[in-house]
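Residue numbers (the working numbering), protein chains in the order written: chain A, 1 to 716; chain B, 1 to 51.
Check before you lean on any hint, since a few could be wrong.
Here are the computed lysine to aspartate or glutamate pairs in the EDC-like style, where the Cα-Cα straight-line distance is at most 16 Å [to be verified]: (1) A:Lys43 with A:Asp88; (2) A:Lys506 with A:Glu492; (3) A:Lys64 with B:Asp44; (4) A:Lys716 with A:Glu492; (5) A:Lys64 with A:Asp88; (6) A:Lys716 with A:Asp651; (7) A:Lys64 with B:Asp32; (8) A:Lys64 with B:Asp33; (9) A:Lys47 with A:Asp76; (10) A:Lys83 with A:Glu45; (11) A:Lys43 with B:Asp44; (12) A:Lys252 with A:Asp135.
Some but not every residue of chain B turned toward chain A, in silico, with C-beta under 7 Å [as the list claims (entries may be wrong)]: (13) Pro9; (14) Leu14; (15) Leu19; (16) Phe22; (17) Leu26; (18) Asp33; (19) Glu35; (20) Gly36; (21) Ala39; (22) Leu42; (23) Leu43.
These aren't lab readings, by the way, just hints derived from the structure by calculation. No residue lacks a Cβ here, since even glycine has one placed at the ideal position from N, Cα and C.
Chain residues, written in single-letter form:
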Amino acid sequence: MTMVAACPGCVAAPLALKHAENHAAPAVVLSLPTIHCAACIGKVERKLNAMPGVDSARVNLSLKQLSVYGDAIDTDIIVAALKSIGYDAYPLDVGLLETRQDTVGRNLLVRLAVAGFAMMNVMLFSVAIWSGATDTTRELFHLISAAISLPAVLYCGQPFFASAWSALRVRGLNMDVPISLAILLATGMSLFEVLNGGAHAYFDAALSLTFFLLIGRYLDHHTRSSVRSAAKELAALEVHHAQRIEDGNAVKTPVSSLIVGDRLLIPSGVRVPVDGRLDSAQALSDRSFLTGESAAVTLAKGQQVQAGEINLGAPFEMTATAVGDDTTLRRVAHLVEMAENSRNSYTNLADRAARIYAPAVHLLAFASFVAWVLVDGDVRHALNIAVAVLIITCPCALGLAVPAVATAAIGRLYGLGFLVKSGTALERLAEVDVAIFDKTGTLTLAGGSARLDHLTGEQAAIARGLAQASDHPVSRALVTALPDAPSATLVEISEIPGNGMQAVYKGETVKLGRGTWLGASFDGLGLKIGGQPAVELPLHETPRQGVDVALQGLRDLGVPPQILSGDRQGTVRALAQRLGVQDIHAEISATEKHTYLTKLQNEGHHVLMVGDGLNDTASLAAAHASVAPSSALDASRNAADVVLLRENLDDFPLLIRIARSTSRLSKQNFAIAAGYNAIAIPVALLGYATPLIAAIAMSASSITVILNAMRVRFVK
Amino acid sequence: MNVLLILIPVSIILGGLGLCGFLWTLRSGQYDDAEGSAARLLLDDDEPDEG
Chain A
1 MTMVAACPGC VAAPLALKHA ENHAAPAVVL SLPTIHCAAC IGKVERKLNA
51 MPGVDSARVN LSLKQLSVYG DAIDTDIIVA ALKSIGYDAY PLDVGLLETR
101 QDTVGRNLLV RLAVAGFAMM NVMLFSVAIW SGATDTTREL FHLISAAISL
151 PAVLYCGQPF FASAWSALRV RGLNMDVPIS LAILLATGMS LFEVLNGGAH
201 AYFDAALSLT FFLLIGRYLD HHTRSSVRSA AKELAALEVH HAQRIEDGNA
251 VKTPVSSLIV GDRLLIPSGV RVPVDGRLDS AQALSDRSFL TGESAAVTLA
301 KGQQVQAGEI NLGAPFEMTA TAVGDDTTLR RVAHLVEMAE NSRNSYTNLA
351 DRAARIYAPA VHLLAFASFV AWVLVDGDVR HALNIAVAVL IITCPCALGL
401 AVPAVATAAI GRLYGLGFLV KSGTALERLA EVDVAIFDKT GTLTLAGGSA
451 RLDHLTGEQA AIARGLAQAS DHPVSRALVT ALPDAPSATL VEISEIPGNG
501 MQAVYKGETV KLGRGTWLGA SFDGLGLKIG GQPAVELPLH ETPRQGVDVA
551 LQGLRDLGVP PQILSGDRQG TVRALAQRLG VQDIHAEISA TEKHTYLTKL
601 QNEGHHVLMV GDGLNDTASL AAAHASVAPS SALDASRNAA DVVLLRENLD
651 DFPLLIRIAR STSRLSKQNF AIAAGYNAIA IPVALLGYAT PLIAAIAMSA
701 SSITVILNAM RVRFVK
Chain B
1 MNVLLILIPV SIILGGLGLC GFLWTLRSGQ YDDAEGSAAR LLLDDDEPDE
51 G
């Protein structure tokens, strides 16, 4: 052993880095939403490590993700293996996930650690000085403090200096300007005092200021990055494979490598990945994301198919005409992002406070300096007082209070299944006074339930037999609605694309499908047996679980719900009646939704928009605050402030209540900080502020503010 | 007062060791999955496979 290291960290760090390099790029990353305990980790890792081709597998329980390392790993085999031990796994697009290493966050933590180390050492010396160390001892302690503080302040304060400098360069003022000024002036003046044998040094104040503010900065960063990575995970879950037809065979191909002119096979129940032209004779497609209408659309050969539509019928073939960013879906999504920028003009609470606070602090410090120079003509004494004023008024509350409350609130909401995407979302949610709900996909779930009491036993058996043979969502809903019926013995079962199912039962032709196809007077689903008239099988959309509770809760909070839907008048009215909503608007287009919402906002309302379709995206972006379910399209989720991760809506009112208390607690924190200032500023102005008083005022206010922020965890 | 000349460097070095230790844990990714690390404590690696 020739190398001698100064500390264990220096020996261990290179080893750790090597370890990290080995694991630089996992071959496959999967989302495992159901893992929750040590047994799960053990089971999953043991299973995968035993699989051929897998070098290693590691579960991250915080992110609920599994990274698999190794060459030639087939995602499908891994998914199947996990399924066999009872875990649902969803492959994630590694390219879309952010690089795993959060360098900015680590950087802040390192600075925080250095600031904490320096602060505690300097504080030890300061306590000795405050207890009455004099003469040479005091000077020695001051010098050691200076030796520790100078490099520490210069290193740890960099995030603030950089931000302040970028504001000053464009002749602006932000919160970091008074912060940087206080830190630098306190250090500089203390250094001058120490070199001239002065009694007061503010090294501990400068360091603890840096320490507390770095905590705020780190909390702020942590919240944002964890929310961002959760949102990234949602995006990475999107469709990434399509069936491309090559030499007559369907080959699984990543969507990103599709080009115009490719021929694709779209299986039943799958989202169309790109825009194109229909090559098969017929197709049945769900366009509800575009129009909001729940009924399926029949397409004929040669007609346009758009990315995002869901194939409800038999598998069909299509030729791609627009891929990637050129698809209608992406273009609309892009427009929405542009529209979103207009909302970014919303100034958050901390910024509004900073605009008043920053100039006031500077003026106060400058005024005290001038006043003391005029009173006793001692420039050094006057500068001392000005620095004390700056330290005491330094906006710890602004830098710490708001991030602390937001972190606690966003963490709590994430646990409840709400992904809060935007930093100002909670403040805006707290202000809403009207809630607008989209119907299809938001209040109701895809698929449906049928009321089939009027069927005879034989009819039910035939319907079930026919439905069982098809993968169509409507058929599947029908099978669920007929749990007890035995299925009839059918022969020659065939699926007529776009129309329904057909078979022979006891020598008679039986059909299950669209009313028009059966020659009936209704449009909906029907059953026809031989020459008898067709029987209608009315399918209802199922409301999401907890919708009643959610809407009642909103009413109690003074946020009356309304329903805006592109669906037919009758369907919307039926649901509204069930849920007790009076205010409904049916059969309206995306533009009309947007106009209606803008009108409400112009009347002074703060509108909360909840929706999932492409016809809602403009409204989601324009609303004061917006929520989208995780089943929504990418574009809608991007436009929304909050994404609902659970299907259940029970906790929806809690979202508003937590948002309101977040806002209230932030304001309380400002008040607490202002209270400390109200006591300490006069003391500082009169010249009685010693470094001890400054340290106590600052730490006490920071700690009170953090403790107060924690109360958001107990909101019910 | 001579005792100070020994105690002060000792206290600073001890603090510095703590700081180095923290930086090491940070660099080796020990804060990347706090929940997982807590759960892994319960895993028994020595247990033979049931299969």
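Verification of the supplied hints:
1. A:Lys43 with A:Asp88: 13 Å, holds
2. A:Lys506 with A:Glu492: OK: Lys506 of chain A and Glu492 of chain A at ~11 Å, within 16 Å.
3. A:Lys64 with B:Asp44: 21 Å, violated
4. A:Lys716 with A:Glu492: 59 Å, violated
5. A:Lys64 with A:Asp88: 12 Å, holds
6. A:Lys716 with A:Asp651: Roughly 10 Å between the alpha carbons, so the hint for Lys716 of chain A and Asp651 of chain A holds.
7. A:Lys64 with B:Asp32: 12 Å, holds
8. A:Lys64 with B:Asp33: Holds, because 10 Å separates the two Cα atoms, which is no more than 16 Å.
9. A:Lys47 with A:Asp76: 15 Å, holds
10. A:Lys83 with A:Glu45: Holds. Lys83 of chain A to Glu45 of chain A sits at ~14 Å (cutoff 16 Å).
11. A:Lys43 with B:Asp44: Within the cut-off at roughly 11 Å; holds.
12. A:Lys252 with A:Asp135: With a Cα-Cα distance of about 81 Å, the restraint between Lys252 of chain A and Asp135 of chain A is violated, given a limit of 16 Å.
13. Pro9: At 10 Å from the nearest chain A Cβ, Pro9 of chain B fails the 7 Å test, so the hint is violated.
14. Leu14: 10 Å, violated
15. Leu19: Holds, because the Cβ-Cβ distance from Leu19 of chain B to chain A comes to roughly 4 Å (cut-off 7 Å).
16. Phe22: 5 Å, holds
17. Leu26: Given a least distance of 6 Å, the restraint on Leu26 of chain B holds.
18. Asp33: 4 Å, holds
19. Glu35: 4 Å, holds
20. Gly36: 3 Å, holds
21. Ala39: This interface hint holds because 4 Å falls under the 7 Å limit.
22. Leu42: Where the cut-off is 7 Å and the nearest Cβ of chain A is about 4 Å from Leu42 of chain B, the hint holds.
23. Leu43: Hint on Leu43 of chain B: holds, closest Cβ of chain A at ~5 Å, below 7 Å.
Comparing the model with each numbered hint stated earlier shows that hints 3, 4, 12, 13 and 14 do not hold.
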